[in-house]
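Quick mapping for you: the protein sequence lines, in order, are chains B and G. Going by this note's numbering, the first sequence runs without a break in its numbering and finishes at 801. Going by this note's numbering, the second sequence runs without a break in its numbering and finishes at 1159.
Treat the hints with care, as some may be off.
[To be verified] Taking beta-carbon pairs under 10 Å as the criterion, some of the chain G residues facing chain B (in silico):
no. : residue
1   : Pro1046
2   : Glu1048
3   : Ile1055
4   : Gly1059
5   : Phe1066
6   : Ile1067
7   : Arg1073
8   : Arg1119
In case anyone wonders, no lab produced these hints; they're calculated from the structure. For each residue, glycine too, the CB sits at the ideal point set by N, CA and C.
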Amino acid sequence: MTETAPAIELRNISKAYGALRVIDDVSLRVEKGVFITLLGPSGCGKSTLLRSIVGLARPDSGQILVDGNDITNAAAHNRPVKMVFQDYALFPHMTVAQNIGFGCEMQGMSRKSISRRCQELLDLIRLPNLAGRYPDALSGGQRQRVALARALAPDPSALLLDEPLGALDLKLRQDMQRELKSIQRRTEKTFVFVTHDQEEAMSMSDLVAVMNKGRIEQLGAPQDVYANPATEFVANFVGAANLFRAHVIAVEGNEAKLEVEGSEWIVPVNRVTCGNGLKAGDRAIIVIRPEALTTDTTKAAGAIRITGKVTEQTYFGDRVHLHLSLANGRSVLIDARPQSLRPGVDEMTVECPASDLAIIVRGKRTEHS
Amino acid sequence: MTTRMRAQPGERPDIVSGRSRRFMTEGPGFALLMLLPALLVLGFVIGLPMIKAVILSFDTITFRRPAAAGTYGVHNYARLMSDPDAWGAVLRSALYMLGTVAGSVSLALGAALLTHRVIRLRALARLTFLLPWTVPAVVTALVWGVMYDGNFGVINRLLDFVPFVNGQDWLIDRQTALAALIVAQVWNEFPVAYIFFLAGLHSIPEELYEAAKIDRAGAFARFRFITLPQLRYIIAVIVILLMILGFKAFPIIFILTGGGPAGATETLTVLTYNTAFRSLDFSYSATLGILAVLVSIVLVLGYLRVMARADTGKGGAV
Ligand SMILES: Nc1ncnc2c1ncn2[C@@H]1O[C@H](COP(=O)(O)OP(=O)(O)OP(=O)(O)O)[C@@H](O)[C@H]1O
Ligand SMILES: [Mg+2]
């Protein structure tokens, strides 16, 4: 039974601070050994959710299970999960070894096994010679690793990491992302990682849970979340997106005819990301990623074509960003190869293969407007 | 030599024309010049009385032999060496000092732990523990004098309700007098430590406690492994400050017992006073005063040492 139980299971967790619902009916299953990331903007409740799991905050309702055991009402020090804090929270008056060994010591492990465990972890974080250092004599990246080792030392069921790389500069951050991922792979631990950096979430995770206003808006593999955003918020928050408001005129077989900001588009029905398909009269949002738009028009059947004036070109070396202003005044972002840069060109047509767009259904038009 | 420094373009030649001038306008001499008024005042206020006291301690100004005035020598120091009253007073000063330090530190730490997380009635909670500090030592002494009174003091009246415990003449009994004084002193001075501890507790990041909690540290372990080590410099500084305060303490002892009964509470400060103004032996009193100064210097050196450590090793090894 417990063999197959998920590492962490949240059932309808809610929490409010006063009138503010910080976590709003969140349910989540995290299988063993998975690297899952909670991704969301500042203030969406990521930290509160982590703190609830680890026992530093108490949800108002719902259940928390770890390895199949209900720990909803267990005290923080009795939970088999550990947490890594954003600003490390290393004990400044203890050496690296004492920091790492603290949890084991509190568990009453023998001195000998503590020091063996310590050395194991120091090797794991590749700082084998820093056992006797004090935290204020470590660099930011080293502190972060020690914090990681300290959390891993008592061999927790799952490790929760609250923006652990937030305080590091970009280069170090990227190194640490790789390092963290490799440690996770080697230890085969369940990692619940929190970040508001979508690239970080994309590059590290097996699963991404996109959070907004205390809810999980979408849970899926990074590629899936990126290609098939379930909501407008997800489309906007994860990567850049061009959003077009549309409403469904008719659905015939595999294709739907949409009215999109004054023009008519034919789109495949199977590009609906969520819910039970399109019906005539539905309102929808079409998501087109900037890199899905290409300047090499193939005149292929079924491709969406957009024509507009180039208002801005930004050169990035390997990429170029074009801003296209459409007849109806709205602007479209295109992420293209530099070869497609055509100086002097004023008007331009770009196209998007119908298979590369995503359709978010927003319900009946009459319900809203 | 004076021509070595040529005026640089842009510098005012009249300022850099001579070395001595330069010394007085921007070198160490300038600093001295600026400090001079303060040094003079300090010299008069601290230096002169000190020198006067040292001279006095070698003189022979005493009511018992008025004619001997002006006879200089080390006789007062010789007398000090073999004076059991003096060394008894040093011992009592030490006891008083340790008693007040232990009492104040534990009371203040307890009060700070109790109140630093209070949110509702926070001001009231803190005011309660700060209030004794606002009471002048003289008033403290008078109030405790009334409370300790054997017949109508509130302490004995309260003890009437406790079975098998009898009231005492707290300040008249040799066994209890010093302890009674220590209690009054602690009541008066522990708020100093309380404020420091409160500030210290607030400066400990909450995350350290959370991290410790997650690592299975219970309340006592968190106190032992986080609070105490994080406060260790503040505690060290406070202990030495309170040692100095306790060693110099005078008004409470003087008013409540004046050193009695039969010298049981005669600390070095009180003995110094009594020697001067009861025995009218001014020179020997000055000698006792010099002894007190020497002890204070040792304490201050300890204080400076701790401060220096606290400044350099904020979290690291010591
Ligand atoms: N102890 C608290 N009391 C009152 N409100 C709180 C408390 N802790 C968090 N909040 C509120 O709950 C909301 C969610 O906070 P939380 O820290 O979970 O956000 P977050 O997603 O971690 O944001 P960030 O990315 O900035 O860390 C915020 O609006 C915050 O102001
Ligand atoms: Mg947070």
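Status of the hints after comparison with the structure:
no.	hint	result
1	Pro1046	holds (7 Å)
2	Glu1048	holds (4 Å)
3	Ile1055	holds (6 Å)
4	Gly1059	holds (7 Å)
5	Phe1066	holds (7 Å)
6	Ile1067	holds (7 Å)
7	Arg1073	holds (8 Å)
8	Arg1119	violated (51 Å)
When held up to the earlier numbered hints, the structure conflicts with hint 8 and nothing else.
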